Amino acid sequence: MHEMSLVHGVLDILEDSARKQGFARVKTVWLEIGALAGVDPEAIRFCFDAVTRDTLADGAELDIIPVPGQAWCMQCCQAVTIAARTQPCPRCGGYRLQVTGGEEMRVRELQVEPI
Amino acid sequence: MCTVCGCGTGEEAVHSHDGHAAPGYRPVAGGALHFGLGPAGAHVGGMSQDRLVQVERDILGKNNGYAERNRKLLAGHDVLALNLVSSPGSGKTTLLTHTIERMRDELPIAVIEGDQQTSFDADRIRATGAPAIQINTGKGCHLDAHMVGHALEQLPPLDHGLLLIENVGNLVCPAAFDLGEAHKVAILSVTEGEDKPLKYPDMFHAASLMLLNKIDLLPHVRFDVEQCIEYARRVNPAIEVILLSAQSGEGMEAWLDWIRRERQARAVRQRALRHVSGHSRTGDQAA
Chain A
1 MHEMSLVHGV LDILEDSARK QGFARVKTVW LEIGALAGVD PEAIRFCFDA
51 VTRDTLADGA ELDIIPVPGQ AWCMQCCQAV TIAARTQPCP RCGGYRLQVT
101 GGEEMRVREL QVEPI
Chain B
1001 MCTVCGCGTG EEAVHSHDGH AAPGYRPVAG GALHFGLGPA GAHVGGMSQD
1051 RLVQVERDIL GKNNGYAERN RKLLAGHDVL ALNLVSSPGS GKTTLLTHTI
1101 ERMRDELPIA VIEGDQQTSF DADRIRATGA PAIQINTGKG CHLDAHMVGH
1151 ALEQLPPLDH GLLLIENVGN LVCPAAFDLG EAHKVAILSV TEGEDKPLKY
1201 PDMFHAASLM LLNKIDLLPH VRFDVEQCIE YARRVNPAIE VILLSAQSGE
1251 GMEAWLDWIR RERQARAVRQ RALRHVSGHS RTGDQAA
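Chains as they are written, first to last, in this note's numbering: chain A, 1 to 115; chain B, 1001 to 1287.
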């Protein structure tokens, strides 16, 4: 359940941003989660509600933006999209894939209320 | 282009700012409605007056910052750090004690042990004479770079040595956390089933080396070695594989050679880096 640690990381980012940018409450959090980031968006959602209780983001809406998995197929010399690490290249069926994107977990944007 | 990871073609998912909008105006004196008094100081159709703050920050950024600090510290002392990951019961601690016994005359070795509870593993390591720090994660399912940074403060100096970090037995969560190690090494024992690399792909993707342990038990279990390696290479075409048994000693020399090779490769890289930075300093002075 490392989603719990990750959501604590999100809360750290929110609190740090609140100090630097001067806001009191967070109403919406847009989170980018890559298909290959190794986290379950539903678990993130569950932890988010638990972790943000009685914080500046209590009751905030969490909007998870999925980012597709990207890989370079060494066989096809082509960029391809994959939904999971265990998937073969959708073009040639091979597994000579170098993951190039979709591993990110990032707080992209916040909707906030001022102090 | 994204300023964090440099990606240029990420799909822009559309998110709506509607639906949870506070009224975008406030009554002011004289019965007028002012649309520019919200936090944003402006009004855009369809947007609430709450401010939108661009953050673009990596959730693991804090951990990765600590990991970089650990990595620099370890490089400064010429220490090769390996992060050993596996499910519980794969034989990590036995592998470590046997590794220490075979290598301790060659170089200084220290161990950081991660478990939810008890110091059993650190006690087993200390019995070999090597210094060991036990980290109990309590409810935690993985080590993070911050914990390892504190453990490093407790360890005696380890110049030109080997640091073995035994992560919490868990094939899922430790995959995501960089501790500052040179490599993750995944240990899989033949009693676990050859399909583990496909069941836990993130871990085998993150590892540079897979140690197939307990091969002395192969005659007694159904485990397809070739299939297992093929599965591991599906999720990580570059993964190296060594078959061994920490208990019987078979294959141990190949593992020790891998460590020696990594140490040499590291030393060559460090020298090259010093060479390059020496040149750039000369260049600075000339300019």
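Quick caveat, the hints were computed from the structure, so don't treat them as lab data. All values reported here derive from a predicted model rather than from experimental measurement. Don't be surprised by glycine CBs; every beta carbon is placed ideally from N, CA and C. Fair warning: there could be bad hints in the mix.
[Stated by the list, open to error] As a list, the in silico BS3-like pairs of lysine-lysine whose alpha-carbon atoms are at most 27 Å apart:
1) B:K1062 with B:K1139
2) B:K1199 with B:K1139
3) B:K1062 with B:K1072
4) A:K27 with B:K1062
5) B:K1199 with A:K20
[Said to hold, decoys possible] If you anchor each label on the Cβ, the simulated ranges turn out as follows:
6) A:M74 with B:E1056: 28 to 34 Å
7) B:E1106 with A:E15: 44 to 50 Å
8) B:R1271 with A:G59: 53 to 59 Å
9) A:A83 with B:H1150: 45 to 51 Å
10) B:V1225 with A:M74: 21 to 27 Å
These are the hints, each one checked on the structure:
1. B:K1062 with B:K1139: Holds, at about 20 Å.
2. B:K1199 with B:K1139: Judged against 27 Å, a Cα distance of about 24 Å means the pair holds.
3. B:K1062 with B:K1072: Within the cut-off at roughly 16 Å; holds.
4. A:K27 with B:K1062: holds, 23 Å
5. B:K1199 with A:K20: Not OK: K1199 (chain B) and K20 (chain A) at ~42 Å, beyond 27 Å, violated.
6. A:M74 with B:E1056: 28 to 34 Å: This hint holds: roughly 31 Å between Cβ atoms.
7. B:E1106 with A:E15: 44 to 50 Å: For E15 (chain A) against E1106 (chain B), whose Cβ atoms are near 47 Å apart, the range 44 to 50 Å holds.
8. B:R1271 with A:G59: 53 to 59 Å: Given a distance of about 56 Å, which is inside 53 to 59 Å, the answer is holds.
9. A:A83 with B:H1150: 45 to 51 Å: For H1150 (chain B) against A83 (chain A), whose Cβ atoms are near 38 Å apart, the range 45 to 51 Å is violated.
10. B:V1225 with A:M74: 21 to 27 Å: Since the Cβ atoms of V1225 (chain B) and M74 (chain A) sit about 25 Å apart, the hinted range of 21 to 27 Å holds.
Comparing the model with each numbered hint stated earlier shows that hints 5, 9 do not hold.
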